[in-house]
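Student: Each chain, written out:
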Amino acid sequence: MRLGLARRSLSMFPPILTRAYSVQPISRTSISPPPASLKPQTPLFLRPPTHSATISDLLKWQKWAKTLASSVGSHFTHLDDGPDTTLLHRELNWLLQDALENPKLPLSHVGTNEVVKLRAEMEDLYVLWKQRIEERRPFQYVVGCEHWRDLVLSVEEGVLIPRPETELIVDLVGGLVKENEELREGLWADLGTGSGALAIGIARILGPFGSVIATDLSPVAVAVASYNVQRYNLQDKIEIKLGSWFEPLKNVKGQFVGLVSNPPYIPSNHIRGLQAEVAKHEPRLALDGGSNGMDDLLHLCHGASSMLKRGGFFAFETNGEKQCKFLVDYMQKECDGSFCDVDIVSDFAGNKRFVTGFSGP
Amino acid sequence: MSSSLCMSQSLLRSFLIIIRRNCSGIVVSSSNPSSNYYYDHPFHPRSFVIYQRRNQGDGICRRITAASFSGYNTTAASINCNSTSTSNGNSGDGDDGPRTSGGGGREFLIMSDEKLLSQCEMDFFRVRGPGGQHRNKRESAVRLKHLPTGISGQASEDRSQHKNRASALARLRTKLALKVRNTVNLDAYSPPQELLQILPKKSTIRGSDIGSQIGPNNPKFSLGMQALIDLIFAVEGSIADAAKKLGLSTGALSRLILSDDSLRMVVNEYRESKGMKPLK
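Protein chains in written order, with this note's numbering: chain A, 1 to 361; chain B, 1 to 280.
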């Protein structure tokens, strides 16, 4: 079953598996286009189909990959709530879809000697799937993208994979901007933008004069977010800035009609117990919210009132009910009437997930 | 393919779901929250029908109303119809919100996606747990249950919950067309526009202004299909009688019915229940 993979090393697949982290000190705060030193990787489905394989080789790979996934059973699920065989089989289909030039081709209807075009070498597909199972590399990093709302966003190591829960923030903003021209045509901020998911989701529902500034402390995130912004042709609507939270926004203080953020909110000592895909592979910077997970959320609360125009909206994602209640209580007691209509919104799974409100009494 | 799979379930039972235009209208009442911020009470007592939650056993499914998820105003929908479903309820009484009333099963199909979604309960097949940044799992399957009729559509083949929701909605529309019957007045029958649109050009009652024939892959096909099944039920399964009303030969109508798997299955199951031979 090994099919001679032992001789393959990770470095044989440079485009996905290794990246030159030649991070140079970045002195500028606005990065557009991204600097050459941080060239984001192209997701598998956007690569040129310059490779080919016979159907029989492809089916052989598929059979091997399926067997490997089947050997997992529910082991990962018991271990750390990781993926089970069913989910891995689904991911295998998606990997094949992204790798094939023509994903709709029914492989069973094609002669086994026929050749199909691929976006990765056959051997790389073996390596990628081994990484998925044996190293628990997140599927989204394997294929280099995540499907989020109606978007397909490029992601890679160093950038948080956007979660489906976070999609709801865009719906919340959508409901507001539909009714309110000032919000629709105003300036929004996405703090800690990561892949740029929230910034892009929101920019697409704003009016012709509405715009978004997205910040992130991580140069990799800034590069990936810029790549995604350009892929959706939103470079005139979204500005990506490198820096911590409000720090790059000093010159636009008090001008925002909306602030959204999915900051790190997991308590530090919980990180180790997370499923391996998250704990071992996703950036700690995007997950770890300090000893009780509230460090960054509280920082956002403090900054929000001075950044927002009166009547401006904010929505922050949290770890759940406990953090939501703490934040609401904190805002009502400590923030001296800076906020009104502070509320908790549940996610689609029924977990209390977001704290929202408006600035000013 | 998947839509025809879905609809093989309990087709006969579904024939009991009949909405009569004259004896029950649709009542739609909406709650208008005073602020434009209406997500704070997705289950506002005035804003949603009373429904029974299915006993979920292991509790792995969580659900919310589709409307509150998708960012649409949580329009209350209280719809009375003769239905086998346990899920219809009535919350419109005493509500001073605006009301409109209208037809029957056809109403559901001509609704916008937003409006139809607002009548649905949405299930996500997700395990219980903290969610958010804790998890990396792509369980994006969506099931939409249309509360007024109890009919549901689901989709799980895509990575994106968004796309699965759209596919589930399209499947729900097809199933509504297949399962929800409108009564037809045979004496004064004249085929509605949407039915004329799915007829072949050789129909003698199809005017030249109708345009080209709409096939099963067009989203508008379900509306015409629903009207066609309504007619076939009204003539008790006789293809010859239905063909006469549509200006077609019996053979031409048979070919139309056989051109869509789900349509063929519904018609044939009905004919068999009446002791008639299935169309082949």
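Source of the hints: derived by calculation from the structure; they are not laboratory data.
A portion of the hints provided could be inaccurate.
Derived DEER-like restraints, expressed as beta-carbon distance ranges [claimed, not checked]:
1. A/S52 with B/A252: 30 to 36 Å
2. A/K117 with B/S212: 54 to 60 Å
3. A/F209 with B/T204: 53 to 59 Å
4. B/G211 with A/N233: 46 to 52 Å
5. A/D343 with B/D113: 53 to 59 Å
6. A/P106 with B/S212: 26 to 32 Å
7. A/H89 with B/G251: 42 to 48 Å
8. A/K117 with B/N218: 47 to 53 Å
9. A/E181 with B/G211: 37 to 43 Å
10. A/T54 with B/P130: 44 to 50 Å
11. B/A240 with A/E181: 44 to 50 Å
12. B/D113 with A/D341: 25 to 31 Å
13. B/G211 with A/N113: 54 to 60 Å
14. B/D113 with A/E185: 22 to 28 Å
To spell it out: a stretch of chain A is covered by chain B in this simulated footprint if at least three of its residues, at any positions, have a beta carbon under 8 Å from a beta carbon of chain B; those stretches are [what the hints assert, rightly or not]:
15. 155-163
16. 235-241
17. 349-357
All figures in this text were calculated on a predicted structure; none of them were measured in a lab.
Each residue gets a CB set at the ideal place from its N, CA and C atoms; glycine is no exception.
Student: Hint by hint, note whether the structure agrees.
Tutor: Do the hints match the structure? See the list:
For A/S52 and B/A252, the Cβ-Cβ distance of about 47 Å falls outside the hinted range of 30 to 36 Å, so the restraint is violated. Judged by the Cβ atoms, the range 54 to 60 Å given for A/K117 and B/S212 is violated: they are separated by roughly 36 Å. Judged by the Cβ atoms, the range 53 to 59 Å given for A/F209 and B/T204 holds: they are separated by roughly 56 Å. In this structure, B/G211 and A/N233 break the distance hint of 46 to 52 Å, their C-beta atoms being roughly 35 Å apart.
A/D343 and B/D113 have their C-beta atoms about 27 Å apart, which leaves the hinted 53 to 59 Å range violated. A hinted range of 26 to 32 Å holds for the C-beta pair A/P106 and B/S212, which are about 29 Å apart. Separated by about 45 Å at the C-beta atoms, A/H89 and B/G251 satisfy the suggested range of 42 to 48 Å. Under the hint 47 to 53 Å, the C-beta atoms of A/K117 and B/N218, about 32 Å apart, miss the expected range.
In this structure the supplied range 37 to 43 Å holds for A/E181 paired with B/G211, their Cβ-Cβ distance being about 39 Å. A/T54 and B/P130 have their C-beta atoms about 45 Å apart, which keeps the hinted 44 to 50 Å range intact. Checking the proposed 44 to 50 Å range against B/A240 and A/E181 shows it is violated: the Cβ atoms sit about 60 Å from each other. In this structure the supplied range 25 to 31 Å holds for B/D113 paired with A/D341, their Cβ-Cβ distance being about 29 Å.
In this structure, B/G211 and A/N113 break the distance hint of 54 to 60 Å, their C-beta atoms being roughly 46 Å apart. Restraint check, B/D113 to A/E185: a C-beta distance of roughly 26 Å satisfies the suggested window 22 to 28 Å. Check on the stretch 155-163 of chain A: 3 of its residues sit with their Cβ under 8 Å from a Cβ of chain B, so the three-residue criterion for coverage holds. By the rule of at least three residues with a Cβ nearer than 8 Å to a Cβ of chain B, the coverage given for the stretch 235-241 of chain A is violated, with 0 such residues.
Using a Cβ-Cβ cut-off of 8 Å, 5 residues of the stretch 349-357 of chain A lie near chain B, which meets the minimum of three, so the contact claim holds.
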